[in-house]
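Got chain A; can you put chain B on it based on the hints?
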Amino acid sequence: MAMLPLPLPPGLRRRLQEGPGPPPPPAPPPPPPPPPAPPFAFTPRRLRLGLHHPLLEDGDVHRHLYLQGVLTSLAEVAERPKVSEFSCHISGCCQVFDTLEGYEHHYNTLHRNVCSFCKRSFPSAHLLDVHILEWHDSLFQIMAEKQNMYKCLVEGCVEKFKSSKDRKDHLVTAHLYPADFRFDRPRKVKSGPCHVSSPAKDGASVPMDVSVEMSEPFQVDPMETGPSENVEIPHPPASPDPATPEKRFYKSRIPSTICFGQGAARGFKGPRKKV
Amino acid sequence: MWGRRGRWAGRGGAEELRARRREREAALRRARRQEQLVSKRLLREDSAAEERGRDGAEIVPDPLSEDEVLELLRGVQRGSEDRKRSLSRLRHALQNKDTQQKFVRLVGSIRTLVGLFTSSLADVQMEAARCLHELSHSSDPAVAEACLPVTSYLLTYLSGHSVEFTELCLYTLGNLVVESEAVRKQLLPQGIIPVLASCIQSPHEAVLEGLGYVLSQLLQAKEAPTEIVPLVLDSVLPQHMLRLVCSGLKAGTGAAVEFAWCLHYIVCSHIADAALLSLGTLPALTTLLLDLASEIPLDAPEGLELLVCPVLRCLSNLLAGDTGCQGQIRDERLLVALFLILQSFLQQHPFIVQEGLWLLNNLTDEPFFCSALLALDLLPALLQLLPCSPMAAELVLTVLCNIAEKGPALCRQLHQALPLLLPALALPDPQAVGQGLELLHLLFLHCPEVAADFIRQGGQQALEQHQSSPVLQERARALLDMARQPPGASATGPGHSTVSAFP
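Protein sequences appear in the order of chains A and B.
The working numbering applies: residue 425 is where the first sequence begins, and numbers increase by one.
The working numbering applies: residue 144 is where the second sequence begins, and numbers increase by one.
This is chain A alone, in the form it adopts within the complex (with noise of 0.2 Å):
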């Protein structure tokens, strides 16, 4: 059904320009009405209404198909603009992009938060700080040994603990953390349990009933001074370079300034050793 406009009075908008009128004169508060006779009951009110309110549930629903995306919506599409291809300008990097998104997303996840020393990402400068700390500063480690040192990595909690894994402990029952974080590897390496030689199962049909469960392909390094040999899984080019065809596949120490299309800076998470 059509409405018709409201009849409102000409000159309101412009009654909004102006400022608010004079503040009323403190009156003295009015004495209480008498209550009403029955069977009348009327007393202004104010209403406070629930979550779940008869009267807000058409705009509740409204609000609903909005997020469900079915309602037009203000503006027009965003073209997200193409440009034409352009590769990384980190010296060493030769992954190439033709959106700016993806350039700014693999300079934030490689180049951004890289460690000096050591050439490990980050993804957050917090993080990467808490590394510089823990694992090239060795005032922190004399400091480590008389007090607690190791912070915490949770925003807003201030606990700190004598050692990294106290604090991965707390990380776990305290935060509900998973015990395997890929971003709180301790400092020293030791060949644990997780050496599984799945990668060389890469490629390889696995059976469907493997009852052991498949550790991840890309098992986190545990930390490794010096460049590493590994690589195995042979990451896909941006554009593939005629140049190198031999990329795909390697096994040889390999010096960290040859880029195969991944960045010279390493991830935090070295490729795993192929066996």
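Computed footprint of chain B on chain A, listed as stretches where at least three residues anywhere in the stretch have a Cβ under 8 Å from a Cβ of chain B:
id, stretch
1, 463-471
2, 474-486
3, 522-529
4, 532-542
5, 578-588
6, 597-609
Pulled from the structure, derived: some chain B residues nowhere near chain A, Cβ distances all over 10 Å:
id, residue
7, E159
8, R161
9, A285
10, P373
11, A427
12, P571
13, G601
14, Q603
15, S611
Label-pair ranges, simulated between beta-carbon atoms:
id, chain 1, residue 1, chain 2, residue 2, range
16, B, Q471, A, Q565, 53 to 59 Å
17, A, L563, B, V250, 42 to 48 Å
18, B, Q471, A, P460, 24 to 30 Å
19, A, Q492, B, A157, 19 to 25 Å
20, B, R187, A, A598, 33 to 39 Å
21, A, Q565, B, V250, 36 to 42 Å
22, A, E525, B, P573, 56 to 62 Å
Calculated from the structure, these hints are not laboratory results.
Bear in mind the structure is a predicted one, so any value in this text is a computation, not a measurement.
Using N, Cα and C, we set each Cβ at its ideal position, and we do this for glycine too.
For chain B alone, kept in the frame of chain A given last:
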């Protein structure tokens, strides 16, 4: 979201589309009544390559067999050049609900996804994130719970700098949050609130909108008043939310919408009134409505109603609280703004009418706003809202009662409205009619001459039709008694019966 996603154009007949839409809305209302309305957001590349069905909806891929899903999983576990392509295939397949369930049941599937999600290869990471996002859209809580291992990483990446990736993580989180209490129970100790509080200082609109979405889902949880709202109030979130809502007309309207709904949910928790008032919420939201009303064209652009609605609700609920804040907004321009807004949304979004009238009811509790409404000559517009809906009618009559209750001076000004009130007595809704009778009682009480006019205009017949209604008969009879007393005679109230000229 605003401006990022395409809208499908209906290709079926317009009438068929409308009918289907009505059906769907009726189903949604039913769900809402049962408190089962779960809303989720889905970010999908809106490419022309996506197939569209006859009615314009996206075609969801068919479910796959267990073997096929396993094959997809193996494909992404293999370290081949094709990994990204395999991930794309997986992502596409995961648009199907069945496939989602099968996938999470496979041993190692989530572990694999987590591994890819935490990869240092940006495009692999992105594609894995999209797979997780599809999973988050499932309406099976078991699928959401299968994603529990991912949450700590989703939070970690929120402090990253890639706008698109962060946005995706936020919407994934928001979807998981609304689906599963187990996910919420894990996210709180994992520190989601402090992370969001840092995130809200981002300058990127897309990130802010996603952030607002996550918060809005968290704040709707049933345990929110005890578990979540206190944490939010303890953080810097509320002041930033208010700031972003109030700047939403100039920029970042999408984010403003999300945070406005967040504020609404916070207000509904009943524990936040003092905190919000001390932040200046009442004057800030009032100013927002004034700004909106002064710029809004007669035909409001689509989407603004999603901002207006929660703002109206916040104001109404805060005014109705126990904080004694009612005197804070004695600005008659608020009435002007309210009516301009109602006028703009009346046609396209009639639900705004009842929400606006609710605010008007709470405002006209004060004599100030009663006088202002009449002085600004808004009475005709108010009466025009009577036929909008039963709820609107009841609220309009309630507002009129608020005004009439303030005494003879205002009652006299309502006298002119009498001809428009008579049809209200014939409305089908007894609640509305009941308020109409209450209004007449107040008018007769304060202005006996109204009664005489009422009879002259055929009011007696209008009252007599309710004599057999259990809800209305007592009041209708009492009014008939009052009306039959000669004008000028002392209104002794309906308790005393009078000799009537009419049998």
